[in-house]
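Visitor: One-letter residues, chain by chain:
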Amino acid sequence: MSDKSYNILIVGVGGQGVLLASEIISEIALREGLDIKKSEVHGMSQRGGVVSSHVKLAPKVYSPTIHHGQADILISFEKAEGLRAIDWMKKDGVAIISTTSVVPAIVTSSKKFEYPDNALDIMKEKCSKVMSVEGDKIAAELGNPRLVNTILLGLLSTLLPFSDERWKEVIKSKVKERFVDINLKAFEAGKALKADNISVQ
Amino acid sequence: MKELLSGNEAVARGAYEAGVKLAVAYPGTPSTEILETLAAQFRSIYSQWSPNEKVAYEVGIGASMGGTRALVAMKHVGLNVAADPFMTHAYTGVNGGFVIVNCDDPAMHSSQNEQDNRFYAKFAQIPLLEPSDSQEAKDMLVAAYEISEKFDTPVMLRMTTRISHSKGVVEIGEITEVAERKFVKNPSKYVMIPAHARTRHLVVAERLEKLLKFSEETEFNKIENNGSKFGIISGAVAYQYAKEVAPDFDYFKIGLSYPLPFEKIREFVSKHEQVVVIEELEPYYEDQLKVEGILVEGKKYFGNQGELSPQRIAEGLKNAGLINEVKVAEILPEANMFPRPPVLCPGCPHRGVFMALKKQGVAVTGDIGCYTLGALEPLNALDSCICMGASIGNAIGMEKVNGSEKGTVAVIGDSTFLHSGVTGLLDAVFNKSHVTVIILDNSTTAMTGGQEHPATGRTLMGEEAPKVDLIGICKAVGVKRVVEVDPYDYEKTLNVIKEEMVAEEPSVIITSRPCVLMPKRIMDEPYQVDLELCNGCSACFRISCPAISATEETNDHGRPLAKIDKTICTGCTLCAQICPTEAILLSSKFETV
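As you go down the protein sequences, you meet chains A and B in turn.
Using numbering that gives the first Met the number 0, read the first sequence as starting at 0 and increasing by one per residue.
Using numbering that gives the first Met the number 0, read the second sequence as starting at 0 and increasing by one per residue.
Worth flagging that the hints you see were computed from the coordinates, not collected in a lab.
Bear in mind that the values here come from a model prediction, so they are computed numbers and not experimental data.
Where hints are given, some of them may not hold.
[As the list claims (entries may be wrong)] With a Cα cut of at most 25 Å, we get these calculated DSS-like pairs of lysine-lysine:
1) B/Lys326 - A/Lys90
2) A/Lys125 - B/Lys326
3) A/Lys123 - B/Lys298
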């Protein structure tokens with residue numbers, strides 16, 4: 000890992016858990032002795048706007064933000080936001096996209112805009128490595144809609160060179176105690192999705 | 000030991016290591032977390048929110064005069080409010096070290112302008128430090144206290160949103176033992192009557208000479224030699240972007256940027272074929288270097304608007320002829336993507352007021368806070384937003400020239416009213432205005448994440464405090480018509496606004512519902528749409544509630560029927576009140592059927 004570097008862009012809508020996910024990845028990198036920078040913007044974005052977090056892991060990181068076209072991995076908590084962020088990706092980068100859709104009021108209340116229900120198809124046309132995850136469905140099966148976050152991290156873990164022990168240790172330290180077990184289950188559920196996306200790897 | 004800290008957290012840690020005894024601020028993105036971190040993690044430092052930045056700055060001066068190290072934090076526009084004490088404080092100097100942490104917001108992620116506050120340090124002629132990451136934010140803050148005490152001057156640490164809100168690895172340091180100082184009466188230093196101020200202005204000039212020498216020597220201004228024929232002068236986050244794009248160039252990295260180390264830079268430039276200046280926002284370094292006759296270029300390649308980025312710097316370096324190619328994104332974005340602007344939360348108590356105001360068709364002057372979102376589609380209910388407290392003055396002026404028949408309404412939040420709205424209301428009374436002022440009292444400073452203020456009954460450090468009475472303040476300044484209204488009662492809100500608008504004297508309406516997020520998330524029983532009754536009229540879509548969206552079912556005209564997301568609906572009832580077919584009902588009604 001020491002000579003490797005990863006640019007990871009995490010996007011979603013305010014309140015979905017983007018910042019917790021980037022916090023967990025960053026903490027893992029810190030414990031692995033990597034240099035790390037992560038960048039996000041608070042404020043207006045918390046009111047249902049777009050939220051994005053840039054996470055950069057490398058032996059030495061300069062810019063806290065990723066260069067356009069240089070994300071190795073894109074994680075999106077919402078399918079249209081994945082499509083919106085597509086130009087941040089490297090051509091051979093991997094996208095992990097939850098099929099969740101959050102249609103904003105501005106689309107519902109005006110005829111000016113349309114929500115791209117086919118966002119995943121468009122993404123798959125543009126880049127070869129798209130892993131779609133039925134985040135909401137799996138989270139509901141596990142019994143808590145807030146688990147999408149950890150499910151996506153489980154799948155991400157199959158792309159990064161950190162041990163499961165390390166992931167679990169950090170997840171334990173970042174979620175409330177009564178939610179630890181269910182989050183570890185969600186992590187495993189996410190990891191298991193690797194089999195469905197084997198062609199991407 | 001190493002920790003992952005945001006720039007703001009690093010500043011808080013630095014304050015602790017530097018032996019700061021008092022920290023004071025008014026919340027403002029991106030600076031808010033500095034004081035929040037101090038209050039949460041470093042409780043040996045006395046920390047407080049003041050009603051506005053001017054008072055905060057003055058409290059800081061007092062603590063410094065009293066002999067302790069003091070920290071004052073604010074966002075860029077906050078320093079406009081505090082500019083009065085700031086400018087004269089440069090004359091008096093300090094006793095205990097004094098640092099103002101100023102957070103600029105390039106690209107205006109959450110601000111009304113993107114002024115470059117480095118010019119304030121030059122304006123006041125005080126030292127300016129510009130960190131480029133979290134580690135430097137901590138190190139420079141600690142050094143700033145030494146500089147402050149050594150040169151007897153306030154020091155500015157200038158952050159930007161990317162520095163404040165990016166996290167990086169920080170080596171944790173030891174706590175400095177600071178020698179105790181006492182307040183010593185010294186009128187010629189602290190009492191700025193003209194006779195004293197004239198002598199102090201001379202002290203400022205002498206101090207600047209010493210600081211110039213210091214700037215030439217300090218390690219914060221350093222040369223990085225890589226043997227390139229081209230050179231880059233940069234500082235703050237722009238330096239990090241540049242290093243990402245062009246790591247092999249020679250750099251002059253600026254850390255102490257007022258006063259600039261002209262001789263050291265002149266020498267650096269003379270040794271290179273071509274040198275460019277890369278800085279975010281205005282040509283602050285560039286113009287000063289050009290005045291000194293140092294031949295550099297910058298803004299013509301990199302621009303002076305918004306945030307820089309590795310991409311923008313790569314393009315600028317190519318235009319300057321320093322690099323040959325720019326890595327570009329090979330995957331293109333989808334054209335015509337819908338926007339996702341920030342919106343008022345589900346259940347936000349401001350929503351009903353804006354729905355009612357929209358119906359009046361009058362001029363509505365606005366202010367700074369969550370409620371500024373009322374200006375956006377589909378509410379479109381605000382006509383102005385200038386700065387903290389501006390709504391009331393704006394309304395008075397507009398009414399003076401346009402007459403009071405139609406009514407003029409100012410909308411301001413509780414925290415903003417206490418920050419700088421009270422003086423505007425005094426003006427309305429004194430100058431016999433007929434404006435209607437609506438104080439949207441949600442009992443917190445919501446936009447910045449829910450901070451305490453004088454009417455919340457609690458302090459930053461979590462102690463109980465006297466709760467300032469908003470109605471009492473309005474009456475005390477002379478407003479006779481002060482009404483309270485429940486903003487969840489739409490008809491009542493509408494009628495109260497109508498009544499007060501026609502009153503031939505100033506009046507105040509205070510709304511009485513707390514923020515749905517703070518201090519405790521409010522979740523009453525959610526509502527649902529009965530699709531048998533919904534006729535697709537879209538009235539509920541126009542109130543812009545994130546909980547309401549379209550179903551795939553449509554009415555006879557092809558318009559979608561509505562649905563409500565039960566997990567985020569707070570049960571505020573507004574949509575149910577305006578639904579013409581009474582199709583929006585309590586969830587429990589559906590379960591019993």
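Visitor: None of the hints should be skipped; say for each whether it holds.
Guide: Results for each hint:
The hinted pair formed by B/Lys326 and A/Lys90 meets the criterion: a straight-line CA distance of about 12 Å does not exceed 25 Å. For the suggested pair A/Lys125 and B/Lys326, the alpha carbons sit about 18 Å apart, so the restraint of at most 25 Å is met. Of the pairs offered as hints, the one joining A/Lys123 and B/Lys298 is violated, with about 40 Å between alpha carbons and a cut-off of 25 Å exceeded.
Hint compliance for this structure: hint 3 is the single one not met.
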